[in-house]
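**Student:** Below are the chains, spelled out letter by letter.
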Amino acid sequence: MREVAVLGVGMHPFGKFEEKSVTELCRTAVEAALQDAGMQWREVQAVSAASSRFSGGKGWGLNGNDVVEDMGSTGIPVYNLSAGCAAGGNAFNVGYALVAGGIYDVVLVVGGEKMPKGFIQTSGVEEETDPEFRRQRCVGVPGPAFWAMQCRRRMHDYGTTEEHLAKISVKAHKNSVHNPNARFRKEFSMEEVLNSPLVCDPLRLYEICPVSDGAAAALICSADVARKRTSNPVWVASSCVATVGFEGGMPGGVAGMIPQRKVQHSDAAAAVANAFDAAGVAPGDLDLVELQDNTVYYELAFPEDWGLC
Amino acid sequence: MTTSNSIPVIKGLFAETSEGPRLLGCRCATCGTLYFPKAANCQNPDCGDSKLEDASFGPHGKLYSCAVQNFPPPPPAKYDEPFAPYAVGLVDLAEGLRILGRISTDDVNGLKIGSEMELVLEPLCREDDGSEIITWKFRPI
Ligand SMILES: [Zn+2]
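Those sequence lines, one after another, are chains A and B. Residues in the first sequence are numbered consecutively from 567, following this note's numbering. Residues in the second sequence are numbered consecutively from 1254, following this note's numbering.
It should be emphasised that the hints constitute simulated quantities derived from the structure, not laboratory data. Please read these numbers as outputs of a predicted model, since none were measured by experiment. Among the hints, erroneous ones may be present.
Said to hold, decoys possible - Under the rule of at most 30 Å between Cα atoms (straight-line distance), these lysine-lysine pairs were calculated in the DSS-like manner:
{"hint": "1", "chain 1": "A", "residue 1": "K582", "chain 2": "B", "residue 2": "K1331"}
{"hint": "2", "chain 1": "A", "residue 1": "K683", "chain 2": "A", "residue 2": "K740"}
{"hint": "3", "chain 1": "B", "residue 1": "K1291", "chain 2": "A", "residue 2": "K828"}
{"hint": "4", "chain 1": "A", "residue 1": "K828", "chain 2": "B", "residue 2": "K1365"}
{"hint": "5", "chain 1": "A", "residue 1": "K828", "chain 2": "B", "residue 2": "K1315"}
Isolated chain A (complex conformation):
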């Protein structure tokens, strides 16, 4: 495998942008990444594009072909990936593999999405054989209700309190104040969080990710390309993706075997463990962790699963 570097990154701020298309959001992110990398669009050899779902099928999402057309139809290959909340990581991993494997020297990884308001509709088909349709029609468990069940179990097992949960939201919003790409750039008090409406008891409105529009891009390249552009490349130590194991915990449909081991999120745990292995580092070597926090619950659960604390 070849070494892979990140040469440039860019973002469109997160928020609600009624007047912009997802392609426009992506253009902002891609142009920022190109500028950051000191590259021209013509130099990009392939695109790995991410959205929670592919817009060609079920409504919103991103079609990476549109981004290429908008930036200039150079005829390069586009890999469209839809992987729910994991789409960005998934697209980065595919881009990384294409460069590490020697297929391309310069790959654009781009993700963008314009989301409908309210609870995300997780099944877009009226099809009784679709597990997600069955789950929503027969029971009715939007994402936050499922996270809330995991959270309630944690409260039962470890004594996590409503105050513990609220503190995470307060901390996260504090980090947003000086971030020009954050959706809300203001602090929230404990009182505000604890007084926000229960969406799925025990989870409250300010403890769940708001559905937002936005886009992000990264230009990744081979070591040869990176060394010609910069004396101090940012190397990718590893990039790994995993799916849930057979005995991985919570059922993805409406039922599953009661797990024998106590790993709640075996997909994320396996990806992180593999990434540590591939990079040859241990949890104690990390200075900064950014993690997926659909809701405050995950910020408690994931670091424990991963051996960070």
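Assemble chain B with the ligand onto chain A, guided by the hints.
**Tutor:** The following block gives chain B with the ligand in isolation, referenced to the frame of chain A:
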């Protein structure tokens, strides 16, 4: 609980038997893995020989966890207007399956993890023509 104009939310998932309500699934005779609803083949990667036979589950279980859906869910979920918050839960059945289901209770905030639960077949909602849509739920004993 069910009447003549009662319609199952999806056919073939559950049945009222002489011994009470049951969920209809299957079991792999080779590795013992249980499935609800029925699976087309055994999904255990360590199972070399998928041999699925019909099996039914319920009615006894314990509440693994629960939550309250405080706002109306998006389609294709169903509910009667005006919307009333409902409880959902994961119930560990005696047979070894963990099942997702609505919780049948008037006290959505009073549920306790570890409580004994029983399977019931109850209305999910009423259609415009007056028919009742029936689904599986769990009720604290
Ligand atoms: Zn089997």
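**Student:** Which numbered hints does this structure break?
**Tutor:** none
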